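Participant: Take a look at the letters that make up each chain.
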Amino acid sequence: MSKYEYVKEPALVKGDHDFSSLTRLVTDINLRPTPKAWYVAMIGANTLLFVMIAAIGYLIWEGTGIWGLTNPVGWGWAIINFVWWVGIGHAGTLISAILFLFRQDWRTAINRFAEAMTIFAVMCAGVFPAIHVGRIWVIYWVFPIPNQMQMWPNFNSPLLWDVFAVSTYFTVSLLFWYVGLVPDLATIRDRATSKIRKICYGIFSLGWTGSNRHWWNYEKAYMILAGLATPLVLSVHTIVSFDFAVSMIPGWHTTIFPPYFVAGAIFSGFAMVLTLMLVARKIYGMKDIMTNDHMEKMNIIILVTGSMVGFAYMMEFFIAWYSGVEYEKAIFMLRATGPYAWAYWTMMTCNVLSPQFFWFKKLRRSVGFTFFISIVVNIGMWFERFVITVTSLANDYLPSSWDYYSPTIWDVLTYVGTFGLFFTMFLLFLRFLPMVALAEIKAVTPQADPHNYDEETKEFIPPKVEVPEPQAQKV
Amino acid sequence: MSANNEQTLYGILAEYRNPKELIDVAREVSKTGYQKWDTFSPYPIHGMDKAMKLKKSKLGWIVFAHGMVGFLGAVTMMYFMAVADYPTNISGKPFLNGPAWVPITFELTVLLSSFGAVFGMFFLNGLPKLHNPLFNAPRFKKATDDGFFVCIEAGDSLFDKEKVKKLLEEAGATHIEEVYE
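Heads up: the sequence lines are chains S and F, in that order. Count along the first sequence from 1, then add 2; that gives the number in this note's numbering. Count along the second sequence from 1, then add 50; that gives the number in this note's numbering.
Bear in mind the hints are in silico, worked out from the structure with no lab data behind them. Every value quoted in this text rests on a predicted model; they were computed, and no experiment measured them. For glycine and all other residues, C-beta sits at the position ideal for the given N, C-alpha and C. Check the hints yourself; a few may be wrong.
Computed spacing ranges between beta-carbons, pair by pair [unchecked claim]:
| # | chain 1 | residue 1 | chain 2 | residue 2 | range |
| --- | --- | --- | --- | --- | --- |
| 1 | F | A134 | S | A132 | 37 to 45 angstroms |
| 2 | F | K179 | S | I141 | 37 to 45 angstroms |
| 3 | F | A134 | S | R105 | 25 to 33 angstroms |
| 4 | S | G229 | F | P149 | 39 to 47 angstroms |
| 5 | F | F130 | S | A132 | 21 to 29 angstroms |
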C-alpha cells in the first residue's frame with residue numbers, strides 16, 4: 003500500500019455492469035445484423051465520397067487552376083483543410099497517449115473512438131497536400147527515393163519535414179490503434195458464431211489468449227507507444243506550423259506558432275470527438291460508458307485550450323506592435339479591420355467567446371449545449387486557418403499586388419467530399435470494430451482490482467466512494 | 051471434453067471466479083516451482099507480475115535498438131543525399147544544415163522505435179500464432195470475456211497430473227479440465 007491516501011473517484015462506468023455485460027454491450031453492435039439506418043448513413047457518406055473523387059478527378063485532369071488560387075494567394079482552401087483535418091486528429095492521440103501517461107482512467111471510454119477519428123482525419127488531411135502538387139503522378143519526388151532527375155528532396159524545406167511528420171504520425175497512430183484492438187478483436191472472435199467472422203476476427207486478433215505473460219509485454223509496449231506518441235503529436239502540429247512560421251510572410255513568421263497550433267489542434271479535436279461521441283452514444287446506447295462526467299471533463303479541456311488559443315490571438319497582436327515592424331503591425335490591423343474582417347470576427351466569436359460558457363457547470367453538463375458548442379468550435383477553428391493562410395498572403399508587403407481571394411465550387415466540393423471519406427471510414431469502424439476499448443474499460447471497473455475482494459471469502463466488496471462537494475470558502 | 055488416451059495431454063486448465071482468486075492461485079503456483087504455466091484474464095491484472103514472479107520485459111531494449119537505427123539511419127541518409135551524393139545550393143544554406151535536419155531525425159527515430167515496440171511485443175509474445183491447444187477447450191472462450199484461468203502445461207518437468215489437479219482444486223477452482231493438443 004502506498005503511504006498516500008487518495009480521494010477515490012466515482013465509478014467510471016455507470017449502471018450495474020459486470021465484465022460480461024460490458025462485453026455484450028460493446029460487441030453485440032458488431033455481431034448483430036446490420037441495422038437499416040446504417041445503410042442509409044452509408045449511402046449518404048458514399049455519395050459525398052464520390053463527390054470528392056469526382057472533384058479530385060477533375061482537378062488532376064484540368065490542374066489546380068480550377069481552384070480559386072490567384073496571385074498573390076497561392077495557398078487557399080486546400081491548405082486550410084489540411085491543417086484543419088490534421089488538427090482534429092490530434093485530440094485522439096492526446097486522449098490515447100497523453101491522458102494515459104497522466105493515468106486519467108476516464109480516457110478508456112473514448113480512446114478507441116478518438117483514435118479512429120485521428121486516423122480517418124489524418125487520411126482526409128493527407129489528401130490535400132498530395133493533390134495540391136498539381137502533377138500528382140510525380141508525387142514520389144517528395145520521398146527520398148531515386149528519381150529521373152537524380153536529385154534528392156530538399157531537407158531544408160518545412161514542406162518536406164511535413165511529409166515525414168504526417169506519414170510517421172499516421173503510421174504510429176495506426177499501430178497504436180491496432181495494438182489496442184488486438185485483445186478486443188479476440189473477444190469478438192470468441193463470441194462470433196458465423197464462420198466468416200470467426201476467420202476474419204481470428205486472423206486480425208493474431209491468436210491472442212489473454213495470457214498474463216503476454217499482457218506483461220503488452221502493457222510495456224502500450225506504455226512505450228504512449229511515451230513515443232506524446233512528443234510525436236506535439237511535433238506534428240509544430241512542423242505543420244513551420245510550413246508558415248519558417249517563411250518570411252508577415253503574420254506567419256512568428257515563434258508563437260508551434261504552441262499556438264498545438265493548443266488549437268487539441269481544442270478543435272476535442273470538439274470533434276464530442277460531436278461524434280454525443281451522436282454515437284445515443285444511437286448505440288453507450289450512455290453507461292460515455293457518461294456526462296466524460297463530457298464535462300472534455301468540456302473543461304475545451305475551455306482550457308480555447309483560452310490558450312484566445313491568449314495566443316492577443317499575444318500575436320501585442321508582439322506585432324512590440325516588434326515595431328510595420329508590416330507585422332499592418333497585417334494584424336488588416337486582419338481585424340480589412341477585407342477579411344468578417345472571417346476574423348467569426349473566428350474570435352467561435353474560438354474565444356464560445357468556450358467561455360463552459361465556466362458554468364450547468365452548461366458543461368448540458369448535452370444539447372455541448373453539441374452546439376462543439377460544432378461552433380470546429381467552424382471557428384476552420385476560420386482560424388482561413389485567417390492565417392489567406393489574410394497574410396492577400397495583403398503582403400506590396401499593396402500593388404494585393405488581391406481578394408474567393409474559393410470556387412471545386413474548392414468547396416473537395417472539402418465537403420472529404421467528409422464523405424471520413425464518415426465512410428467511421429461508419430465501417432462502428433460496424434466492424436469494437437467502438438470502446440473493452441479490455442481497458444474492464445480494467446478500470448472496481449471489480450477488476452483484486453484489492454476490492456475480501457481476503458477470506460474472496461467475494462467482491464464494492465469500494466465506498468464519497469466525493470466531497472466543493473465548499474465555498476470564506477476568506 | 052472426454053479424455054482420449056491417444057491424444058497428447060497439453061495441460062490442466064482451471065477456472066476461477068474472480069481476479070482475486072486468480073492472483074492468489076498464481077502466488078501458490080509460482081511457489082511450487084513450475085516453469086511452464088500461465089494465467090489468463092480478459093484484462094491485465096495489477097500485481098499479477100509480482101504474483102507470477104515475471105521478469106522485467108526485454109521490450110525496452112528492442113525499442114532502444116530500433117530507435118538508434120532510426121536516428122542513425124536518418125542522419126546518414128540526409129548526409130548522403132544532401133552532402134555526399136548531390137549537394138544542392140539552396141538559398142546559400144550550408145549543405146550540412148544541422149538545425150534543419152532535426153525534425154526528420156526526430157520523426158524517423160520515433161517511427162522506428164514504434165515499429166520496435168509493436169513488432170517487438172508481438173515477437174516476445176510469440177504472436178501471431180496459428181494454433182493454440184487451449185482453443186480446444188470451449189470454456190476457454192470466456193478468457194476474453196469474463197473468465198479467469200490458470201493452465202499448467204504437461205511439458206513442465208515437475209508435471210504430475212494428479213498433483214496439479216489437487217493444487218488447483220485446493221485453490222478453489224470452479225472447473226478443472228484436461229486440455230489435449
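Participant: Between F:A134 and S:R105, does the C-beta distance stay in 25 to 33 angstroms?
Facilitator: 47 angstroms, violated
Participant: Could you see if the CB distance from F:A134 to S:A132 stays within 37 to 45 angstroms?
Facilitator: For F:A134 and S:A132 the Cβ distance comes to about 30 angstroms; the hint is violated.
Participant: Please check whether F:F130 and S:A132 have a Cβ separation lying inside 21 to 29 angstroms.
Facilitator: 26 angstroms, holds
Participant: Is it true that F:K179 and S:I141 lie within 37 to 45 angstroms of each other by Cβ?
Facilitator: 39 angstroms, holds
Participant: Looking only at beta-carbon atoms, does the pair S:G229, F:P149 fall within the given range of 39 to 47 angstroms?
Facilitator: 25 angstroms, violated
The structure is inconsistent with the numbered hints 1, 3, 4, although it conforms to all the rest.
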